[in-house]
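Colleague: Chain by chain, the residues:
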Amino acid sequence: MSQKSQRIAAVTGNEAVAEALRQSNPDVCAAYPITPQTDLMQRFASFANNGKVKTEMILVESEHSAMSACIGAAAAGGRVVTATSGPGLALMWEMLFVASGMRLPIIMPVVNRSLSAPLNIHGDHSDAMGARDSGWIQLWSENAQEAYDNVIQAFRIAEHMDIRLPVMVCLDGFIISHSIERIEYLDDDTVKNFVREYKELLPLLNIKKPISYGPLILPDYYHEYKRAQHDVMAKVPKIVQEVAEDFEKASGRKYGLFESYRLEDAEIAIVVLNSAAGTTKDVIDEFRDRGIKAGLLKPRLFRPFPYVEIGEALKHLKAVCVLDRADSFGAYGPMFTEIAASLYPYKEKPLLINKIYGLGGRDYMPSQAELVLNELVDILNTGRVKTFKEYIGVRE
Amino acid sequence: MKLKTWKEVTPGAVITEAGSALKFKTGSWRAFKPIWIEENCIQCMFCWLYCPDMAVKTKDGKRAEFDYDYCKGCGICAFECPGKKGNKAIVMEEEGK
Numbered sequence: 176m177s178q179k180s181q182r183i184a185a186v187t188g189n190e191a192v193a194e195a196l197r198q199s200n201p202d203v204c205a206a207y208p209i210t211p212q213t214d215l216m217q218r219f220a221s222f223a224n225n226g227k228v229k230t231e232m233i234l235v236e237s238e239h240s241a242m243s244a245c246i247g248a249a250a251a252g253g254r255v256v257t258a259t260s261g262p263g264l265a266l267m268w269e270m271l272f273v274a275s276g277m278r279l280p281i282i283m284p285v286v287n288r289s290l291s292a293p294l295n296i297h298g299d300h301s302d303a304m305g306a307r308d309s310g311w312i313q314l315w316s317e318n319a320q321e322a323y324d325n326v327i328q329a330f331r332i333a334e335h336m337d338i339r340l341p342v343m344v345c346l347d348g349f350i351i352s353h354s355i356e357r358i359e360y361l362d363d364d365t366v367k368n369f370v371r372e373y374k375e376l377l378p379l380l381n382i383k384k385p386i387s388y389g390p391l392i393l394p395d396y397y398h399e400y401k402r403a404q405h406d407v408m409a410k411v412p413k414i415v416q417e418v419a420e421d422f423e424k425a426s427g428r429k430y431g432l433f434e435s436y437r438l439e440d441a442e443i444a445i446v447v448l449n450s451a452a453g454t455t456k457d458v459i460d461e462f463r464d465r466g467i468k469a470g471l472l473k474p475r476l477f478r479p480f481p482y483v484e485i486g487e488a489l490k491h492l493k494a495v496c497v498l499d500r501a502d503s504f505g506a507y508g509p510m511f512t513e514i515a516a517s518l519y520p521y522k523e524k525p526l527l528i529n530k531i532y533g534l535g536g537r538d539y540m541p542s543q544a545e546l547v548l549n550e551l552v553d554i555l556n557t558g559r560v561k562t563f564k565e566y567i568g569v570r571e
Numbered sequence: 014m015k016l017k018t019w020k021e022v023t024p025g026a027v028i029t030e031a032g033s034a035l036k037f038k039t040g041s042w043r044a045f046k047p048i049w050i051e052e053n054c055i056q057c058m059f060c061w062l063y064c065p066d067m068a069v070k071t072k073d074g075k076r077a078e079f080d081y082d083y084c085k086g087c088g089i090c091a092f093e094c095p096g097k098k099g100n101k102a103i104v105m106e107e108e109g110k
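Respectively, the protein sequence lines represent chains E and Y.
Terminal number for the first sequence in this note's numbering: 571, no gaps in between.
Terminal number for the second sequence in this note's numbering: 110, no gaps in between.
Keep in mind that the hints were calculated from the coordinates and are not lab data.
This one's a predicted model, so the numbers in the text were calculated from it and none came from an experiment.
Fair warning: there could be bad hints in the mix.
Which residues of chain Y face chain E? A few of them, derived with a C-beta cut under 10 angstroms, are [said to hold, decoys possible]:
(1) K17
(2) K20
(3) V22
(4) A26
(5) Q56
(6) L62
(7) P65
(8) M67
(9) T71
Cβ coordinates follow ideal geometry from the N, Cα and C atoms, glycine included.
Please take these sequences and the hints and turn them into a complete structure.
Modeller: Take a look at the structure:
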């Protein structure tokens, strides 16, 4: 299914995401610069300054203020975007819960960066993993194309009248945000028709019907509001699938809750998010050439986490390694615990191991994927696990 | 008032009815209760001015009784009250005494 006039360009991840934001034409953007997101917002601010979008650009004094301004604008009744990275996301933390608790469909590309200390500007997933319980929907992207496509789809998911929740679109800092890739852009009209006109729900600026956002809710009601929030999250996967089907019609590119790569007949597999999936797929191909039945699962929707679907996709395997680009110090990596939980209901399930890789932008090399797959082969042959959690690509 | 279930609450805890705070009688929070002693009152209206709620009522431009449905017992009125010849027109009393 080929599209009318897709533009092909060589651009960075940041550039691709800025283009998706331009084509979606938000009403308000409040942002604060932080590496590696800076270049994304600088590009978008240029669009706003040059009249390429009708967006009201609010330059604030911190990320806490950026998210606060986004919340105000979204409650007022506008389509709102921002973007951030690492410590910027950490500074937004308090307001993230306000955005989701108020059910405001704010779109935020997160250019994944490590957290201090030690100070580091490079890509890992500590930032977004730290925000996984904030009530935001999280979409993760392997490359610039997926980041561009996810941002466009995010508007439809967030603004769906049954959902009305904020969405983070995660892409790896520098590895994706600053590397140039081949991108297929949709034309402006296709995106405009896909994201549709923004529809308000309970806009604060409707003076004919005065309402209040952000009331004090005491123990007699707070629990009910959180139960309702849990319920709306449960509706998200179905909407994500529906939006992906629509997106396929518009773009020819197929998305789901996660990507399976050579997984159906596999015995061993790696589960990994974002850019490292590309490298891993290459190594899996090499193992397949040698007759080893290896596969990969790359989650796309991390919040809400599709436990049942992922459990079904992995349960037939013999051994699985979950690669985490973030650590929960004194515990397993954040994705490992999710994968373990999704497999828990099954009597027959693969042995699981967890590797922490690539922190602070440490390169993830094919040799690391080889090491992991060889260990999985070992587990397959012996049925024994030596270490459940381990750092890889680290000087011992 | 019958409490709503989680299926009945508005998205994002938005309050869709203007002025609905009137329905919530917040006076039950009070630990100390202001008592108005009319013979010591000079009608300066400081209590009416300083009340952070609207719990000091007036009638025909004069000081009237407290609205105990909304008075949270903060004590600001009693503190500000100049009284008459050293005798306060508002004193705080422990609730339930």
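Colleague: Hints numbered earlier in the text: which of these fail when held up against the supplied structure?
Modeller: Numbers 5, 6, 7, 8, 9, in rising order.
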